[in-house]
Amino acid sequence: MLEIENHDQPTLHPLTVVILIMLTIGVGFVVLGPIIGFFLSLPFFPGGMLELTDAIQDPLNHPEVKIPFYIMQGAATLIGLIVAPMILLKVLHRSVENVFKSRSWYAIAFIITPIIVIVFMGLNSIFIEWNADFHFPEFLNGFETWAREREDYAATLTTFITKFDSIGELILGLVVIALLPAIGEEFV
Numbered sequence: 014m015l016e017i018e019n020h021d022q023p024t025l026h027p028l029t030v031v032i033l034i035m036l037t038i039g040v041g042f043v044v045l046g047p048i049i050g051f052f053l054s055l056p057f058f059p060g061g062m063l064e065l066t067d068a069i070q071d072p073l074n075h076p077e078v079k080i081p082f083y084i085m086q087g088a089a090t091l092i093g094l095i096v097a098p099m100i101l102l103k104v105l106h107r108s109v110e111n112v113f114k115s116r117s118w119y120a121i122a123f124i125i126t127p128i129i130v131i132v133f134m135g136l137n138s139i140f141i142e143w144n145a146d147f148h149f150p151e152f153l154n155g156f157e158t159w160a161r162e163r164e165d166y167a168a169t170l171t172t173f174i175t176k177f178d179s180i181g182e183l184i185l186g187l188v189v190i191a192l193l194p195a196i197g198e199e200f201v
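Counting in the working numbering, the sequence shown runs from 14 upward without gaps.
These aren't lab readings, by the way, just hints derived from the structure by calculation.
Among these hints, one or two may not hold up.
Said to hold, decoys possible - Across the chosen pairs, the derived CB separations fall in these ranges:
#1 155 to 128: 36 to 46 Å
#2 123 to 40: 48 to 58 Å
#3 62 to 129: 43 to 53 Å
#4 190 to 152: 32 to 42 Å
#5 141 to 43: 20 to 30 Å
#6 182 to 150: 37 to 47 Å
#7 183 to 55: 31 to 41 Å
#8 174 to 131: 21 to 31 Å
#9 62 to 24: 38 to 48 Å
#10 60 to 180: 23 to 33 Å
#11 190 to 34: 17 to 27 Å
#12 56 to 126: 34 to 44 Å
#13 198 to 66: 25 to 35 Å
Just so you know, even glycine gets a beta-carbon here, dropped at the ideal spot from N, CA and C.
The task is simple: from the sequences and hints, build the whole structure.
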C-alpha cells in the first residue's frame, strides 16, 4: 500500500484514486504516448507524416512500418503505464520509491504461482476452444462474420508483429512487447 508522505494533505477516497489512475493511463496510453511515438518514429520511416499515417492503418501491406510501429507502441506503453502514473503519484504527494521498495519474499508464492499459471492455462484453453466453436443465433450472422474477420485480422497482425527479421528487431520487439508492459503493468 502506498503511504502518504505529507500528512497535511487530505486523503482521497480510493475510488477517486482509481478513477484518476484510469484517466491518467488513458490519456498517456491512448493520446500522449502514441503522438510522441509517432514523431519519434518518423526518422525510421522512408516517407513523410502522411505516408506514415496511411501505412500504420494498414501495416500488413506496409512492412516498412514495423519499426515505427514498435516505437509508437513502446512510447505509448512507457508514457501511459510508467511515466504518467509516476507523475500522478507525485501530484498525489505519494512516493514513487515506496512502490519499488523491496518487500518480504515468501517461498510459498514461488510454489503457488506456477501452479496457478498452469491451472489457468488449462482453464483458458477451454475458453479458447469454446470461443472458436461459438456460433451466434441466426439473426446475428452479420455480427458473427464481422467478429470472425476481426479475430482473423488480429491473428495475422500478431504474426506480422512477432516475426522478427533481425537481431535488432528482436531486441526492440522484446523491449516493446515484453519488458515495458511487464514493468508498466506491475507499476500500475
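Index of numbered hints that the structure contradicts, given in increasing order: 2 and 7
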